[in-house]
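Asker: Spelled out, the chains give:
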Amino acid sequence: MIPCAYFMNIFKVARSIWIGMGITLKYFLNHKKTLCTIQYPKEKDLIPARHRGIHYLETEKCVMCWKCSDICPVDCIYIEGVRGADGPLQGGYRGQKATLSKFTVDYTVCIFCGLCEEPCPPKCIWLGPEFDYHSTDRTMMEKNLLTDEVYTEGDEVFVEWARGENDRLQEEKKKQKEAEKAAKEAEKAAAAAAEAEEEGSDAEGESAE
Amino acid sequence: MNLFVFTNFFAQTGKDLKNLGDYAEAASTKWGLAEPGVYYEGGLFFAGLIKWLLSTTEVSSALPFAGTVNGLMTSLAADGSIFPELGGLLITIGVVFGFVNVFAIGAVWSERKVSAHMQCRLGPMEVGPHGLLQTVADGLKLLTKEDIIPRLADKPLFAIAPAVVFAGVLMRFVPLPFGDKLIASDLDLGLFFIAAVGAVEVLGVIMAGWASNNKWSLFATIRTATQMVSYEIPIGIAFVTVILCSGSFSLMEIVNQQGGSLLSADDGYTYQGWVWHWNLFRNPFMPILGIVYFIASLAECKRAPFDLPEAESELVSGFHTEYSGMRFALFFLAEYAAMYLVAAVAVVIFLGGWWSGIYPLDALGTGPDATIYTKTLGLLVKVGVFLSKAFALVFVQMWIRWTLPRIRLDQMMYVCWKVLLPISLLCFVGSCLWELVSGGASVFGFGIVVE
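In the order they appear, the protein sequences are chains A and B.
Each residue of the first sequence is one higher than the last, beginning at 0 in numbering that gives the first Met the number 0.
Each residue of the second sequence is one higher than the last, beginning at 0 in numbering that gives the first Met the number 0.
Simulated from the structure, these hints should not be mistaken for lab results.
Glycine included, every Cβ here is placed at the ideal spot set by N, Cα and C.
Watch out, some of these pointers could steer you wrong.
Unchecked claim - Chain A is nowhere near these chain B residues, computed Cβ spacing over 12 Å in every case:
1) Met-117
2) Ala-162
3) Ser-387
Said to hold, decoys possible - Where chain B lies over chain A, by a calculated footprint (3+ residues, C-beta under 8 Å):
4) 22-28
5) 31-44
Starting from the given sequences, assemble the full structure and let the hints guide the process.
Answerer: Written out as structure tokens, the structure reads:
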């Protein structure tokens with residue numbers, strides 16, 4: 000009478016402990032490779048290109064058309080400045096470089112919907128990768144994009160990366176569209192050719208008859 | 000033997016002085032009390048060493064206060080004065096207490112690092128290089144915290160409980176060696192003392208849980224009482240088996256026997272001290288018993304997977320839910336000190352103590368042509384070997400904690416009473432028979448002489 004279940008139980012427990020400890024030891028020894036965390040404020044992870052953080056304004060391109068503040072559903076963008084004289088057509092909008100004196104976004108109000116990006120003729124405002132901002136005062140959350148340092152030096156890399164990524168994505172989209180177009184055209188052409196061939200063969204057949 | 004006097008710094012009274020003993024004699028002579036050839040008590044060694052250092056020209060010229068302290072010590076050591084004994088005692092307590100503190104700081108840091116690395120995290124990184132000073136910062140924070148005692152708590156019991164727990168652990172360091180001859184007091188009943196004083200810790204935990212007047216703490220107390228009392232039995236059987244094999248309760252004696260013939264090289268035996276002289280390989284039952292002891296010792300110091308007394312997710316934090324500030328820190332310190340303690344006891348009774356298991360390394364500093372340098376080096380090697388073995392076992396404790404989930408109460412009782420107890424009893428009987436049949440020889444056929 001050997002209590003088999005009893006010894007099997009002990010054996011199973013010992014085996015599972017052995018396996019479990021093997022796994023943890025493997026992770027412990029390879030901790031440099033398996034590391035999942037970063038030292039956040041010191042190093043930042045790359046943020047997805049379409050992340051909607053604090054606005055990034057390319058001031059020199061802005062034509063001060065107010066379209067962004069018009070479309071803003073919560074009216075959080077305030078712009079002041081002198082618009083330049085009418086110039087050549089630029090991005091679908093006839094305007095010249097404007098002299099901005101104030102371009103303020105109230106981040107207690109902004110909902111980061113990204114609608115301001117869409118109507119901008121020179122595509123000079125877009126929601127960037129910066130997300131960690133804070134203030135001890137509500138009024139301080141109103142950031143003037145011209146003077147306040149929302150994007151610090153370290154962020155330039157991410158801004159550049161996000162910008163490049165944006166461009167790349169847009170190019171990809173374009174290419175995809177073109178490819179789709181080309182494919183459709185090719186299909187059409189093929190269909191037309193097939194039809195023509197059919198007709199031709201019919202004609203040939205007819206002629207042979 | 001008076002337990003509260005840390006007598007007898009060196010291992011075997013009356014045996015010829017080796018290594019440190021020579022220095023201690025010299026140091027005690029300098030202390031102004033010595034008569035050559037008389038054996039001096041433990042704490043005196045440190046005091047004597049300090050005085051000896053202070054009176055050397057290099058030190059006294061470098062430190063401006065050395066002469067003053069030296070003079071003070073000389074005047075304190077007048078005939079009939081109790082200051083040398085008292086000073087020695089305080090210094091010994093200071094050394095042990097300091098070791099416990101430093102170990103706890105290091106162990107908390109490494110526990111956090113080990114857990115982090117097993118979970119693909121970094122762990123503390125901010126305070127000091129790789130967060131080394133994080134625990135020091137935490138300790139400072141705990142020191143400055145308010146000492147809260149709940150209104151409905153039993154105040155005297157509540158206040159004294161952490162001290163009782165910590166004292167229970169610290170007292171178990173008395174017969175525990177740190178290396179060859181480095182021991183607070185080589186008690187004749189060392190292992191028995193360790194097992195007995197372990198019960199004081201349970202008492203403190205029960206006091207803490209009961210006095211908190213908190214349902215979680217009370218539950219934790221009940222669990223602690225069942226757990227720690229149950230797991231003392233496999234530990235006790237492991238102790239008894241080792242005592243039976245080595246014929247001594249003294250931790251120094253048990254370790255010395257595992258060093259092969261180094262203890263008595265002139266008794267006609269030609270074998271030398273190697274790994275297979277460790278108790279772990281003494282008979283086929285010892286490795287199993289070692290594992291049983293290790294599992295039971297995890298439960299004894301309330302480590303995962305037996306951390307039911309704390310059980311953060313069920314009992315908030317168990318018996319120290321209501322504690323804050325320095326009282327909480329004392330519980331924490333006691334826990335980590337107990338971790339080292341059970342590991343060190345395992346090293347002493349199974350893993351050969353300070354013997355590295357490599358004969359040439361162990362023999363360093365012994366023999367007729369040993370100089371003061373080789374003796375010192377040998378001593379340091381032995382301390383290093385002992386500590387590294389103990390720390391390796393502490394790492395295994397951490398490794399287990401971050402691998403296994405907490406077990407249920409009934410599973411905990413099952414493991415103790417239905418698995419560990421029968422196995423340890425079988426090992427005990429097996430070891431008895433082995434000793435009877437082989438006449439004290441180990442598996443490898445080497446006789447071990449019990450004097």
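Asker: With reference to the structure, classify each hint as holding or not holding.
Answerer: Checked hints:
Some Cβ of chain A comes within 12 Å of the Cβ of B:Met-117; the nearest lies about 5 Å off, and the non-interface call is violated. Its beta-carbon lying about 36 Å from the closest one in chain A, B:Ala-162 satisfies the requirement of being farther than 12 Å from that chain. With a least CB separation of 18 Å from chain A, B:Ser-387 remains clear of the 12 Å interface cut-off, as annotated. Note: the segment 22-28 of chain A has 5 residues with beta-carbon separation from chain B under 8 Å; the three-residue rule is met and the coverage holds.
Counting residues of the segment 31-44 of chain A whose CB falls under 8 Å from any CB of chain B gives 5; the rule of at least 3 is met.
Hint violations for this structure: number 1 only, all remaining hints satisfied.
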